[in-house]
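Chains E and C supply the protein sequences, listed in that same order.
For the first sequence, counting from 1, position 263 maps to 263 in this note's numbering; every step adds exactly one.
For the second sequence, counting from 1, position 376 maps to 698 in this note's numbering; every step adds exactly one.
Heads up, some of the hints might be wrong.
Said to hold, decoys possible - Here are the simulated distance ranges between beta carbons:
1. C:Met361 x E:Pro104: 48 to 56 Å
2. C:Ile587 x E:Ala122: 55 to 63 Å
3. C:Trp335 x E:Ala122: 34 to 42 Å
4. E:Ser68 x C:Trp335: 16 to 24 Å
5. C:Ile596 x E:Ala122: 32 to 40 Å
6. E:Gly161 x C:Val657: 52 to 60 Å
7. C:Ala646 x E:Asp192: 19 to 27 Å
8. E:Leu295 x C:Thr536: 54 to 62 Å
9. E:Pro104 x C:Ile522: 43 to 51 Å
10. C:Ala646 x E:Glu149: 37 to 45 Å
11. E:Ser68 x C:Ser739: 35 to 43 Å
Simulated from the structure, these hints should not be mistaken for lab results.
Bear in mind the structure is a predicted one, so any value in this text is a computation, not a measurement.
Each residue gets a CB set at the ideal place from its N, CA and C atoms; glycine is no exception.
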Amino acid sequence: MKKLEVRNLVKGFGQTRAVDGINFTANAGQIFGLVGRNGAGKTTTMRMISDIYLPDSGEILFDDAKRSENFHRQVGYLPEERGLYRFMSVMANLLFLAEIKGVPPEVAEPKALKYLQRFDLAKNAGSPLDRLSKGNQQKVQFIGTILHEPELVILDEPFSGLDPVNLNMFKDVIAELKQSGKIVILSAHQMDVAEKLCDHVALINQGKLLLNAPMAEIKRQYSQSVVSLSAEGDLSFIGTLPYVTSVHNFGQQITVQVKTNADIQALLRDIILRNVELKSFQANEMSLHDIFVSLTRTEEERTGGEVPKPGANTKNTTETAA
Amino acid sequence: MINSGGSNGRRIWPVIKREVRVKLGLRFIITTLFIPLVMAAIIGTQTLLSNLKSEDTSIITVVLDNNDHLAGLIKGQIDELENVKSGRFKVDYAQVGGGTADSYVESKKTDLLADDNKSIFVVPTSAQTDKKISLYSTNPGNVEVRNRIGGAISKALNLNFLETQQIRGIDLTFVQTDVAIAGNKVSAAGTVRESWGPLIVGGVLALLLNLGITFNTMPLMSIVTAEKANRLYEILLTSLKPRDIMWGKIIGQTVIATLQMLIWIAASILLLLILNNFVGVSEAFRMELNTFVVLYYLVNYIVGLMLFLTLYVGLSSMYDNAGAASSALTPLYFVILVPMYTVFALLSNPANSVATVLSIIPITSLYVMPARMTLIDVPFWQPLLALALNGVLLYYANSLAGKIYRVSVLATGNSLSLRKALILARNA
């Protein structure tokens, strides 16, 4: 089974350490999610894996060996900032992308046509790319990323700017890539999509790896003694309850961390006693989005600009999602 | 910073193919036809304007000292002028006392200011020995008046001088005709009558190289900046090394430019053959080129073009818009333009030491050597040395441009300065 191993990867730009000692392994038949805030180091990591940047130190192993000359043919990379030859036709763009990956046009053309049909772009095959909408150009670029059937597919923000229908189309193809045994590494700001798609998640913050675990394990670990609820009425009392350790207000939903699982019942009871109209109450459940926000918010963001003194009790602070 | 690696022919090939395919379109056909037409129009207009004769009548006064004999000689020569006979020159004469010509001119100043076609020629007594005369007009640059009247006065002064030397009844036309030299070019292959042909060929070859460089560097610069702005490089760099992309572009553009140049040369040869068959080309414009010169020119053209394309690709990669790149690379344009004018060093003597040195040192040799080879037999080692030196320069220019290109193509934000790009390139 093919795998991609990233070991102690370091990359700096001037005084900034964009990637600082990252380790992870992505396996074939797995969708590996790289999540993190803007500027966390996701794109730099992906560029190093794609062999666009050379790491300052560390190594990247593909199939248990250092990447060979042939590696370029086995990787498909969709960058965050899309770019193709605007005045060339859709098909000419796709055939060129396939050819630089070593696939001759006569082999690539029928495959390209199939993908274009699937993405409802067959009628545009001969049109200059410039005439297509941004979303359709993105679909062409996505086809160009996977047309040469790479073993490793790296997708940097593949869903940004897509409407729900096209987003589902992309999700389906990505799921198929996983089923056919490819290694898929993707970064996404759409946490709900990442949560549903990814088997494994690595959370990068300021160039360092904060989390690196299977999705199920992350959810289990971070959802313990957590309640996600939505209600109408004044919930400000929750932060004053003695068994509550933190409250995250995400607008529509509030996530409450209690000391033990037994405190969940106490929380439900206290809410009902205060005549608050409860709309949903989920115990031991925390979305990837909430986990991401709670882990990556800086101390300053947590305290609304007032950095607490060392040792100060931050319990019972009601927070607002960014 | 960015993975460089070595070039790979198999990977470059699709890039070359794409570059050639994209450029071999309607635009190629239009520019191939359009550029010679524009050049012909420019040269034609220039020739037409310089030969355009004014239909305005010129009123000329010749002011002479009181010397009836000289006045008669001058009048006689001026009356023989076609312009005078046709009435386009209206000439009158004034004889003034010694030293009063200046006050005469001053008195006519209002007339001169009122009409740009009025001129006064003052022929003082001293002109009989020093041949110095004066012209007064609001338009002293009127070449036709100056040359025709001046020429007639000169002839009259010559006649006057010969008469004072007791030499009479001679054919002045013979005296005033320069010796005609029939030049014969002696070479190992034989001796042939000199013609203007090689000089024209030399100039045209220099011009073709200049056109090739000018018309191909600018579009390539635009492509590089546009691809950088479009963020295309991130896609390309997952499959290709920066040097593959750069060389693919340079080779593709060189193929197009060479093809265009060959089309122009073939069309010129065809035109000459047609002219020769139907009209007949004068012996004075006979053109002969040997195979070595043709092959040398072709290789020289390719090397020269690649040299400048390399520099343009490397340096323009620091910018993500064509306007900024164009402004920043203006000095490089002078490096293209100025050497072309060194071809003029050949006009006085193609074998002089200045011409020899210019035909060997890199960059100027791109223009001077092919032109010099069309005029004289150049020792075999000189073109080969010139080519080798340009080849060495191309190698180092490519190395430098490759490093700059490598660090620049993915740089975002403010454009890199050349200094910063060089520092990054050195550390890359």
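Hint-by-hint comparison with the structure:
no.: 1; hint: C:Met361 x E:Pro104: 48 to 56 Å; result: 42 Å, violated
no.: 2; hint: C:Ile587 x E:Ala122: 55 to 63 Å; result: 45 Å, violated
no.: 3; hint: C:Trp335 x E:Ala122: 34 to 42 Å; result: 28 Å, violated
no.: 4; hint: E:Ser68 x C:Trp335: 16 to 24 Å; result: 20 Å, holds
no.: 5; hint: C:Ile596 x E:Ala122: 32 to 40 Å; result: 51 Å, violated
no.: 6; hint: E:Gly161 x C:Val657: 52 to 60 Å; result: 44 Å, violated
no.: 7; hint: C:Ala646 x E:Asp192: 19 to 27 Å; result: 42 Å, violated
no.: 8; hint: E:Leu295 x C:Thr536: 54 to 62 Å; result: 58 Å, holds
no.: 9; hint: E:Pro104 x C:Ile522: 43 to 51 Å; result: 48 Å, holds
no.: 10; hint: C:Ala646 x E:Glu149: 37 to 45 Å; result: 40 Å, holds
no.: 11; hint: E:Ser68 x C:Ser739: 35 to 43 Å; result: 37 Å, holds
Checked against the numbered hints above, the structure violates hints 1, 2, 3, 5, 6, 7; every other hint is satisfied.
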